[in-house]
Amino acid sequence: MAKTLSVAPKQPQSCAALLEKLSSVLPKGHQFGIYHLSTPPTKTDALCHPPPDQRPDRTYCENHFLAVTIKSESKPSSSEPHADWRPVIVLALEIFIFTTAYSSIFFVSKADSTGYLHLLNLPKGTPSPIREVSSAFLAYLIDKRRRKGIQTTVNLFARAQDQYLFPGSIKNGGKHVLDDRGLVKWWCRVLDPLLEEQQQKQGSPWQVVKGYLLIPGLDHYETRAFIPRTATSAANWVLGHPLEKISHYCQEYDWVPPRCLIPKYPDDPKSRYRDELDEEASNKEQNSGAWRSVKTLEQFWEMMSFRQECSSGRMTGFIWVVFDPKDAEVNRGRVGGTPMPNGTPDQAPPGTPSRNRHALSSATPKSSPKKTFGSPSKQADLGRVEQKKKAKDKKKKKKILKGPIIPRQPRIKTRQRNYLVDRPVSSAYYYWPAEGRGQKIVDESDYKRCTELLLRLDFATLDKAAGSTRRWIEEVGMGSQWGLDVQGKMEMPPAAQGSGTAAGVVNNLSGLVRKKPIEGSEGQGQNGAGVNMLGAGLVRKKRKESTDGAEPNTDGSSHPAPSTAEEPKVNMLGAGMVRKKPKLA
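So for the sequence shown, the UniProt record's numbering puts the first residue at 1; every next one is plus one.
Possibly wrong hints are sitting among the right ones.
As the list claims (entries may be wrong) - The calculated PhoX-like cross-link candidates involving lysine-lysine, where the alpha carbons are at most 25 Å apart (straight line), are:
#: 1; residue 1: Lys124; residue 2: Lys28
#: 2; residue 1: Lys448; residue 2: Lys144
#: 3; residue 1: Lys210; residue 2: Lys185
#: 4; residue 1: Lys21; residue 2: Lys489
#: 5; residue 1: Lys71; residue 2: Lys171
#: 6; residue 1: Lys245; residue 2: Lys295
#: 7; residue 1: Lys43; residue 2: Lys144
#: 8; residue 1: Lys448; residue 2: Lys110
#: 9; residue 1: Lys210; residue 2: Lys264
#: 10; residue 1: Lys110; residue 2: Lys440
#: 11; residue 1: Lys43; residue 2: Lys392
#: 12; residue 1: Lys148; residue 2: Lys326
#: 13; residue 1: Lys71; residue 2: Lys440
Hint data in this document are derived by calculation from the structure and do not stem from the laboratory.
Starting from the given sequences, assemble the full structure and let the hints guide the process.
Now the structure itself:
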């Protein structure tokens with residue numbers, strides 16, 4: 001039985017869950033602007049090559065673009081004297097969602113900041129809003145795109161660069177550009193909350209959530225330094241790649257060549273290296289699913305350290321987060337929820353035979369991959385072929401029209417209609433709920449126009465960034481107002497409250513400081529002042545001079561001596577202090 005398709009409801013997209021998610025991670029007391037742009041699921045090329053004599057997986061792609069703005073005060077000399085503030089983009093994030101009948105893959109394409117977040121004057125110790133927003137937006141999309149029994153994967157390629165989406169932003173002194181090592185650590189900290197949240201969440205729909213990190217050119221000991229140091233990091237992170245784990249071909253064949261395991265993402269170095277290997281292989285080798293030089297995944301990653309951006313002298317990292325559902329074993333081997341042709345749902349299909357990696361690295365099987373059990377989609381494919389034949393037969397039998405011709409009145413278009421929304425909400429290959437869509441839905445060509453517009457703007461100064469932000473918002477909205485405001489709700493930590501420039505409370509430790517005793521005063525009392533008594537021959541009264549001609553005071557009164565009294569020119573020594581020099585004979 002074919003799965004029925006449900007049509008999208010005639011209601012506007014709801015962004016309440018996204019606003020609630022972002023407000024919980026944004027600092028309290030500040031207002032932000034949220035601009036979420038997306039496309040409907042569109043059929044695209046398969047990510048991986050299929051094994052020999054197999055058709056590629058039907059794949060759908062959905063693009064999401066999130067821009068976050070803050071309010072900056074306008075100068076009196078601005079062209080808008082009545083405006084109190086101007087929106088300025090501080091962060092943009094682009095995510096591609098690839099869905100098939102077997103998995104959902106969230107590929108983080110680009111993420112960049114303008115460096116104007118310092119205008120908020122956040123106190124020291126405040127968590128980075130850029131990191132918190134990136135993690136919250138990913139968690140929001142994963143939650144809204146979750147399908148029962150379908151594996152979910154987050155994948156990204158970390159490569160340090162001055163600017164990705166905002167030209168001229170590198171000239172802004174407030175932009176903090178991470179180096180290659182810092183960027184890999186930063187992305188690991190962004191994805192780490194996804195791992196910890198699922199473990200702490202009660203009733204989580206995921207059975208196992210694991211993070212994978214692979215840095216070409218580094219061994220496991222050196223790679224371990226990039227994983228966040230938390231109590232659960234050792235159990236949550238794996239040093240390596242999950243390409244065999246996330247491929248459904250490994251569940252169906254006795255062995256799978258590496259050519260069928262490397263996905264092709266836009267602007268990805270391993271995808272470009274895969275294309276190079278495909279070009280050097282002959283047609284016969286491509287038909288067998290093998291490459292000429294690279295035979296195993298270990299060889300592929302070893303060669304990647306000398307190819308593409310990985311060999312430019314700067315460190316790069318590949319990061320995955322794999323979400324395995326609890327009912328994955330029951331739905332394994334199904335296509336779009338159709339039952340397995342052989343066996344009951346309670347009976348798990350045979351797994352992939354264990355392979356000796358050392359033997360496989362030296363000698364790869366020359367035969368084509370063979371399935372370990374029957375293909376679940378074989379009967380479905382035969383049914384589709386029969387349906388197509390019946391449809392062709394119906395088209396051949398044309399109906400002869402007879403009778404009078406009745407002309408139809410033309411219909412006048414009185415309102416604009418968005419036909420992009422008129423498509424199924426769910427199918428065997430994707431899930432497109434109203435809650436997870438962007439506030440503005442555009443097609444593929446308009447989406448490219450909106451993202452490429454940013455690459456032609458300038459964000460070097462605050463005035464240029466404000467003008468570029470206004471132009472981007474107006475052109476994407478096509479004259480209509482769009483965007484949502486969100487108020488931050490995250491409380492500041494106690495150590496970070498208060499202004500960052502205000503002077504802190506001074507701790508007076510004078511009562512805790514113990515003075516070092518003076519030598520020779522051990523026998524004195526506690527309340528004694530330790531007065532040094534000078535002999536009579538060493539004490540000489542200071543002569544006071546009168547500036548007005550009067551005689552100095554000699555009555556012993558305690559008038560203070562003037563501070564400007566000059567020292568006597570001749571120092572008279574007492575008789576006891578004069579030592580005569582002996583005469584030489």
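What are the numbers of the hints that this structure violates, sorted from low to high? Violated: none.
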